[in-house]
Amino acid sequence: MKSPYNLTEQSFNRKLKNKFMKFIFAFLTVLALIPLFIIFLHVIKSGINAINYDFITQLPAPAGQPGGGIANAILGSITMVALAAIIAVPLGVLGGTYLSEYKGGKLSSVFRFVVDLMTSIPSIIVGLYIYSVIVLPMKGFSAYAGALALALLMFPIVVKSTEEILKLLPTNIREAGLALGIPRWRVIVSIILRGSVPGITTGVLLAIARVSGETAPLLFTAFGNQFWANSLNQPTSSLTVQIYTYAISPFQEWHEQAWGAAFILLLTIFIFNLVARWLLLRNKNEYM
Amino acid sequence: MSEFIHAKSIKNNEVRFSDALFYNFLRLITVLIIILFASVFVFLYRSSEPLFLEQGWSFFKETTWSPTTDTYGVLAFVYGTLVSSFIALLFAVPVSMGSALFLTQLCPRFLVSPIRSIIELLAAIPSVVYGLWGIFVLAPFIKNYVQPVLSGLTPGLPFFQGPPFGLGLFTAGLILAIMIIPTITTISIEIFQAVPKLYKEGAKALGATDWEAIKIAVIKPGMAGVLAAITLGLGRAMGETMAVTMVIGNRADISSSLFSPAATMASVIANEYAEAGSNLHSASLTAVGFTLLLISMLVNFGARYIIKKFRGPI
Amino acid sequence: MNKDSKSNILIIDQLTAGFGKSEIVKKISMQVTEKEITALIGPSGCGKSTFLRCLNRLHEETPDAWVHGKVNLNNKNIYEKGTDPVFVRSQIGMVFQKPNPFPSMSIYDNVAAGLTIRGIKKKTYIAEAVERSLIQAALWTEVKDKLKSAGTSLSGGQQQRLCIARALAISPPVILMDEPTSALDPISTAKIEELLHQLKKEVTIVIVTHNMQQAARVSDQTAFFLLGELIEMDSTKKFFTNPKDPRSENYITGRFG
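Protein chains in written order, with this note's numbering: chain A, 4 to 291; chain B, 683 to 996; chain C, 847 to 1103.
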């Protein structure tokens, strides 16, 4: 049957549309890449001027005065993130282990569901929650409260990444262990978990990088402090909250310092990301 | 085998006991976490209860938010959250779709993983740094270049009119767009990669051009997954706090202009909670948080529902 | 390779193809006669599928793929510089090993896909073409009452005939089939083989099969491939009763492959 239409020649229209759409996709990809460069370059350009020895060793100068640093904020951030990791990493690894090694039960499916929902809780809500369960009863802002808020955000990330990593191990490793007469928990701890240390570390580093940049959950848990915090029981400054306070202040000197703090924060987070990626690449062959 | 066990002197019931101990230890942690999660809802509700006792359900119908007169309504913030998130989707969806399609269908292979890494690094930038950049770079740009041009082009429309502050819904939406691009792109890449190649080959064999093959054999089958990705991006945008707080202008207003200052549910909490004077004020802010939490959960359920229901062939 | 009155629609000349450093198809020359069924057989990995995918320029869609040589369709080389692969593929249709009706498209839309992507909007024309193609593919009676249901809701054999109908809708003079029955049960296979007999009245078919009996049952010409080379090509009857090359004989008698 002869067709009234030309089905073989590609019409000019189709050719044009094809070229156009391909161009659009490439263009949109470039568009997606641009913000990273703009932001990164701007942080470097404005941040590097603010950084000097005083900046990383001194306390903040009084409002509107030049000089001073963010040493207390750096220490506060390190303290709270480290404390959060101490709480969240063991729990998260155990939770991920439970999901990967004891799947199938009702409890594990409820747990998986809850972990998924936890990742979608807005971080400001975590701050509100810690405020009402920790800050109010303890009658004050503290590094403890800030660290707990961060731990709550870190936990589901560690669970998820641990589960993913453990799932990559072939079943026969578990069976080989069990067949040797080793108790199951020893198989899990000494063979499965120990064998997955690099992978779990990658997940942990990414989780640390992620919570290091959190601000909202610290606003009314750790609050902030222009001075050194003498104990974990006191309001504690952090890099992120400091950037926020400085950015919305009316003082030119503080604006510059906000860029300096942003530079340090971004650098730290990118280093964590790069190390995590490098670890993942280095160990890829073991898993795949 | 028996020698092995003997050598280790592990008796059968010792094994069983240690295994049960470990298993129940894990279960205990799990149960505690589940209780913790449930307690988030309980505590948020309990902390916002004073407001509901005082004002009842009017909280959900009221547009005014005025701590000085103790009138608290959530609607202005719901409006701010929805509008800023939709502006974000408006920009982020085409960019993410385009990038995901380019990376999975057209890009030379050696470029795929560098580009993907760069897009993923966008997700690593902290919210507060986006906010800092938003205040000092993006907002002045919007104020000096974008708003004058847009309002000049559309003299009759109310959306782009009003005094140029630079801080407002539009700026917040734009920042949110940049922040959710990695989320939507990464999930969409996974979706498009999961569409079996044989559909695209089938389309090619029919004489389809690259674009036609992508349209009928990649986008169409992946549509449900993409929708889920967009929903997850929406959820992320709605809960985002710092960057939005820093650039949205923080005014509890419903204005027809996209360039006017506004506030979102997350931003009003960040902005006012630490200084909330009265008990009722902080209860109301917690109630805003509770509302945000419920909406976030709902959006998350929506994404899961889409995935489950329309999973289809992939 | 003797041919009688019918003309050769495809003339392949010194075709070599592969991926990256490996050469999968080695200097193959052959002629395909119009309105006949040509079967390509050989042990797996012999390059017959790659060769088939060179005939509609689908091979080049795979990363790292390369091709040399000529494929003349009606005396015009499809690999000539400036020839659009999209043009080639609208002349030479293809049916794949695994049925691949487009998901999230109805039976009707699947058959119409080749027309709608070309911007044809006239509903009556599309409806006629869909009906004609489904009748040609012996699927019409089974699906005419559920044209709106999903293409993927059909059984495997029906899906494969749907894919044949989809290829037929744009009336290509040649259709390539890459082991079209290998994923199907015997009854569906028999239906498709029967269909091939009907189809060859109107189109030229080149079919890859790993099943010698199928080649013997359906084809007019048989080409035997081994390690990327064309060992022997002859009329099917002669090939199976009196192969010239000892390697062909070994293969037919089941001594290897």
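Just so you know, the hints here were simulated from the structure itself, not pulled from any lab data. There's no promise every hint is true.
[Stated by the list, open to error] Residues of chain A clear of chain C, computed beta-carbon distances all greater than 12 Å:
1) HIS45
2) THR60
3) ALA66
4) PRO93
5) ILE194
6) PRO201
7) PRO253
[Stated by the list, open to error] Not everything, but these chain A residues come out facing chain C in the computed CB check (under 10 Å):
8) ASN16
9) ARG17
10) LYS18
11) SER49
12) SER112
Quick reminder that beta carbons are idealized off the backbone N, C-alpha and C, glycines included.
Exercise for the section: Could you tell me which of the numbered hints above are not met by this structure, giving the numbers in increasing order? Expected result: When the structure is compared with the hints, numbers 11, 12 turn out to be violated.
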